[in-house]
Structure formats: structure tokens, C-alpha cells
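**Student:** These are the residues of each chain, in order.
Protein chains: 2
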Amino acid sequence: MFEKTNRMNLLFDFYQELLTTKQKAYVSFYYLDDYSLGEIAEEFEVSRQAIYDNIKRTEESLEKYEEKLGMLKKYQQREKLFSELEAQLTKKNFLDEQVKDTLEQLKNID
Amino acid sequence: MFEKTNRMNLLFDFYQELLTTKQKAYVSFYYLDDYSLGEIAEEFEVSRQAIYDNIKRTEESLEKYEEKLGMLKKYQQREKLFSELEAQLTKKNFLDEQVKDTLEQLKNID
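Protein chains in written order, with UniProt numbering: chain S, 1 to 110; chain W, 1 to 110.
Hint data in this document are derived by calculation from the structure and do not stem from the laboratory. Do not take every clue at face value.
Pairs count within a copy or across copies, as identical chains cannot be separated in the list.
In silico lysine-lysine, DSBU-like type, Cα no more than 35 Å apart, as pairs [stated by the list, open to error]:
(1) Lys56 to Lys80
(2) Lys92 to Lys24
(3) Lys56 to Lys92
(4) Lys56 to Lys4
(5) Lys91 to Lys64
What you are looking at is a predicted structure, and each value in this text was computed from that prediction instead of being measured.
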């Protein structure tokens, strides 16, 4: 469960702009703010089942986008290589202020 | 015109998986293979107008995806910073084989 929440949060970070306003709202209440389905249902005055179905479909959409675009996967590959690069540069004493700064700028582009 | 073709090719590279089979086909004939609308119409046995409308809508979709996800923009920002980093490392004699290799791997993740 924790792993799924974590993955959904990450996918949401990358693809939320492709979701509808309603999808965004439900998913962020559920995964980011940890509301229960019942609480979200009350908040939006719709049935618990409607919330459940909507979130379920959104999860499928997010996985579909990831399958097609792979933004999360590429991000994680990049993170791993940035760490390796940083370790290599540090070990060789190559990580001076300028190099460090450029590397930081690179890492800040998600 | 050349600039637009170039941009459409780049956007197509990033977002083609989000297009329908037909959209992909028309756009790649038009922008990648430089067919005329008339030639594509003949190829698919539909009207020139239908091809035009479809490609026009696809262009709008590609721009919309870029607006929402910014994969091309981020790619270009990254390219620029990779060049800077490489220049800095080269100038300081820090670009040895290992560092070069890790950097190449990083650049190969689009």
C-alpha cells in the first residue's frame, strides 16, 4: 500500500496536468492528503463508489501515460546517474563550486 | 516553414505515443517524409481537406502536450547545461574517460 501511494504520488507529480479538474481533486485528496474514500465522498457530495471508480480510472490513466512517455522512469535513471557522476567527481576532487552549481541546475530540471 | 517543421518533428519525437495511429501516419508523412497534402490524400484515399484538418488538430494536440508537460523545453534546457558542464570539465582537465562515459549515459536519456 505504501509503495503504491508512493508511486501514485510520483506519477501524479509528472502527469497531473493531463488529468481533469475532478480527477486531480480526488486523487490529491486520496493519495496526497490521505483522506478515505468515504471522507472524499462526503466532501464532494457524491457516492463512495463514484469516487472509487474515478480514482481507479485515474490510476490507470497515470500508468498508461507512464507506459507511453516514461517520464518517471527516465527521471529515476537520471537521478541514479547524477549520483554516480557526483561520486566520481567528488572522489577525484573535481567537484569544485562551478561544476557543483551546473550539476545542481541540471538536477533541478525534472 | 522550416522552423515549424523542425519544431513539429521534435514534438512528434516526444509525444507520438499519445497520438492515434492515423494521426501518427499523417504527421510522419507530412513532417518527417515531406509528402504534400495531396500526396497523402492519394495514399490514404481520403480528401485533401480531411488530411489538412487532421494534421492541424494533431499540431494543436502536440503543442498542448508540450504546454502541459514541457518535455521538449526541459530537454533543451538540459542540453544547454550538459554542454556547459562538458566545457567546464574539459577546460579544467576533469573530463576523464569515466566521467565522460557517465555524462554520455546521462545525455542519452531523452
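**Student:** A separate judgement is required for each hint: does it hold in the structure or not?
**Tutor:** Evaluation of the provided hints:
| no. | hint | in the structure |
| --- | --- | --- |
| 1 | Lys56 to Lys80 | within (30 Å within a copy, 39 Å between copies) |
| 2 | Lys92 to Lys24 | neither (46 Å within a copy, 47 Å between copies) |
| 3 | Lys56 to Lys92 | neither (49 Å within a copy, 53 Å between copies) |
| 4 | Lys56 to Lys4 | within (12 Å within a copy, 39 Å between copies) |
| 5 | Lys91 to Lys64 | neither (40 Å within a copy, 44 Å between copies) |
The structure shown violates the earlier hints numbered 2, 3, 5.
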